[in-house]
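Enquirer: The primary structure of each chain is shown beneath.
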Amino acid sequence: MLNYYLRLALASMRRTPVLSALMVLALGLGIGAFMTTFTVYYLMSGDPIPHKSDVLFAVQLDNWDPNDDPTESAKDVQPQITYRDGTWLMNAETPASRQAHMYGTGAVLVPEGDEPPFEERIRATWHTFFEMFDVPFLYGQPWSRVEDNDRASIAIIGRELNDRLFDGENSLGRSIRLDDSFFQVVGVIDDWQPVPRFYHADGTSRALADTEQIFIPMNRAIDQEWTPWGNTNCWKANDEDLPPLEGFLQGECVWTQFWAELETPRQVADYKEFLDNYVREQKKIGRFERPLNTFISDVMEWMEVNEIVRNDNRVLVRLSFLFLLVCVLNTVGLLMAKFMGKGGEVALRRAMGASRRAVFQQNLVEVGLIGVLGGLAGIGMAWLGLRAVESLYRGYQHLVHLDPVMLATAIFTATVFAVLAGMYPVWRVSRLAPASLLKTQ
Amino acid sequence: MKDIGPIFRALMHNRMGALLIALQIALTLAIVINSAFIIQQRSADIASPTGLDEANTAIFYTNLFEPNVDQRQLYRDDLEAIRAMPGVIAATHTNSTPASGSGWGEDLYTDAEMQSNDAISFGKFMVDEHGLETFNLDLVAGRNFRPDEMRVRDMTSTERPKVMVVSQALADELFPDGDALGKTVFDEPGGKSPIQIIGIYSHMQHAWPGASSINRSALLPEIIMFGGGMEYVVRSEPGQLETVMAQVEEYLSKNRSRIVDTVRSFEESKQRTYSGDIAMVKLLTAVIVVLIGITGLGIVGLAWFSVTQRQKQIGTRRALGATRGDIVRYFMVENGLITTAGLVLGVLGTVALNWFLDTNYETGRIPLWYLPAGMAVMWLLGQAAVLIPARRASNIPPALATRSI
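Chains P and Z supply the protein sequences, listed in that same order. Plus 1044 on top of the position in the first sequence (first one is 1) and you've got the numbering used here. Plus 38 on top of the position in the second sequence (first one is 1) and you've got the numbering used here.
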């Protein structure tokens, strides 16, 4: 029966090709526009590390200007901490399972041979980073506490850089030159791109940045005098009696990120208390002049605090949903017109013995077919839309792919919308009294 | 006008159809007006002048990686060579450029008692005495720096400049009475790090578009040497930018101790910073165009269908003496009625949507005149769309009335 209805539906669509095309096009455009904006929203607000996002916590300590407005939530506190606080925490006995202190920097990489030197971003961090964030290794393994303490000249590089420098071979033991220093490769990590890049995500553009291709011990980066490439925020001048670099490291400028891994609610509470106690101690020596405002936020909370999803994106999702509604209204209007025009045919079928139910079903199949075609058109449009979005925005390359969930959702939504939209006209047409229509002809 | 009664009654026979179009028009109006408003705002932001000679300025970023190179001397040599190139008007080193999205912000204190929450924030550009000309600024009062006022900031020195040239906006913010020239301000609370204002230029934005302090900028005679990053800005004679950019890049690349990481025209740099706004303008423009297209086509489609449906009645009316004009008018008035209803609903929708977007995403309030303008556009769109099927209807011969299908 479905087969027969489908054939009838196709025949009916062919009878009014322009109208049918218009319906499929409108539905496709609506679905395509909505899917485009929603995909970006969905990926941006996604969980970058689903199996661990509830045990990883970003740390905020409020060392800011006592004259500033009072703190009401984590959003009012600097998203980064000072070098000195982070360094102290890394060396303390804490209730956390692991902690990682880090900052983003960069240098000129000078390859061996003829390839010209190029600039490369570097993540300076501690050995704990890799296990905490489940970084997948291709060769080698994370360095250890010993290398952190020894300020060793070692590096873990990304797969992409390993392909570029060493043709993808196992490069353990080889060296790379950064500025004027050599670093021995102790690990190569596989493709790893959390979206958003939660571990250093103050602001949308940093949250959408590529992961670095070079990781080195943070202590070593400090020895190299590599300055931070992210935001550096200061409220208080550095101590002028110290040499500038030392003054900067010991000062109140915030430019490093700090994470803790806390597996149980108990640990979370203990760690928070530990941080509070640290700040209380520091208050005694005249630091942390504001009220006690330590915050720890798990990954998804941290994405909220940093407002990773742009307002523009939310506006576009809202507008494109209304756009979809217009397209659906448009389709219903056209369906109404079309089905009203089918009065004669329906009357004939009814007179020949088809029940209202059968007429209803038959016409619903036609509507469903338009819905499926609209959904398919929508996927095409969304693909184009995402290409457009990728070319319009910087750093969206990790955000614009059609994932299977979105594809299925598109077809499903389009069909549901079309069937809902078509329900009324189909119902109307199946209610027509056959006799009145047959008579007038 | 006497037609309205019968047309309205005829419409009521297909209430649902009319309601659907009216709703569609209402939603379309709401989306189009709200989108147009956002487009207008963003376009104004993008077009706001930075103060530079935008079309004839380029930015070069290099990174020195060999140690044992005298960086201060390299700066001098580079700038001397660049300034000597044909087509170059002026060049300076800098730490940042306006509307680049990344720069150096600081606070100024007008006296020793001022608290940090009252301090005036501004964007700082560390340049040499050629900065004023390179950035194309009009000095409205005072003087430029002298070469001997330059200070070096690096890993070993904390010496700070003692003079600065500020934008009119910064001068007015610091000294609302208009007597900023010659005054001393402080870079730190408690009367520390005094700097004298020796000059005022009319206008230049700082690095961060969207900030309320955007017009508060200043030039300081300073050179920073933290790491190997070195940035130059070059202003060329009109129309010579491309040649100058190629020349400068070639010159900078000759030195094997560094890499030339970025060569960018100022316009390109600005576009990168505004890419989110530019994207928004393009996406919303596409939304408006497609939406108007769909709604227009929808009206054509529906009217076309209704003409086909009513062939017989139209034929009958024609046979009874209605002119072609009467038939065309019938459809125009019908569409006018539906559109007007839709637009009245649409005004409510527009205001509601604007209220929602403004409350949640701070998009701002739409000026009133957008409403009549949007309504007029939609009304004309409806009339234009219905004209095609209406003319087809007017061509139906009166003889059709006598035939049965």
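Note that these hints are calculated values from the structure, not bench results. Because the structure is a prediction, the values reported are computed rather than measured. Treat the hints loosely; a few may be bogus.
[Unchecked claim] Listed next, the in silico DSS-like pairs over lysine-lysine satisfying Cα-Cα at most 30 Å (straight line):
1. P:K1096 x P:K1119
2. Z:K350 x P:K1328
3. P:K1096 x P:K1328
4. P:K1328 x P:K1316
5. P:K1316 x P:K1280
6. P:K1386 x Z:K221
7. Z:K221 x P:K1280
8. P:K1386 x P:K1328
9. Z:K230 x P:K1280
10. P:K1096 x P:K1280
11. P:K1119 x P:K1386
12. P:K1119 x P:K1316
13. Z:K221 x P:K1327
14. Z:K200 x Z:K221
15. Z:K292 x P:K1280
[Stated by the list, open to error] Which stretches of chain Z does chain P cover? Using the computed rule of at least three CB atoms under 8 Å from a CB of chain P, they are:
16. 167-175
17. 197-204
18. 214-223
19. 423-433
All C-beta atoms, glycine included, are put in the ideal place defined by N, C-alpha and C.
Enquirer: If a hint holds in the structure, say so; if it doesn't, say that too.
Expert: For each hint, the structure was consulted:
no.	hint	verdict
1	P:K1096 x P:K1119	holds (23 Å)
2	Z:K350 x P:K1328	violated (95 Å)
3	P:K1096 x P:K1328	violated (36 Å)
4	P:K1328 x P:K1316	holds (19 Å)
5	P:K1316 x P:K1280	holds (26 Å)
6	P:K1386 x Z:K221	violated (85 Å)
7	Z:K221 x P:K1280	holds (23 Å)
8	P:K1386 x P:K1328	violated (86 Å)
9	Z:K230 x P:K1280	holds (12 Å)
10	P:K1096 x P:K1280	violated (36 Å)
11	P:K1119 x P:K1386	violated (60 Å)
12	P:K1119 x P:K1316	holds (18 Å)
13	Z:K221 x P:K1327	violated (37 Å)
14	Z:K200 x Z:K221	holds (12 Å)
15	Z:K292 x P:K1280	violated (41 Å)
16	167-175	violated (count 0)
17	197-204	violated (count 0)
18	214-223	violated (count 0)
19	423-433	violated (count 0)
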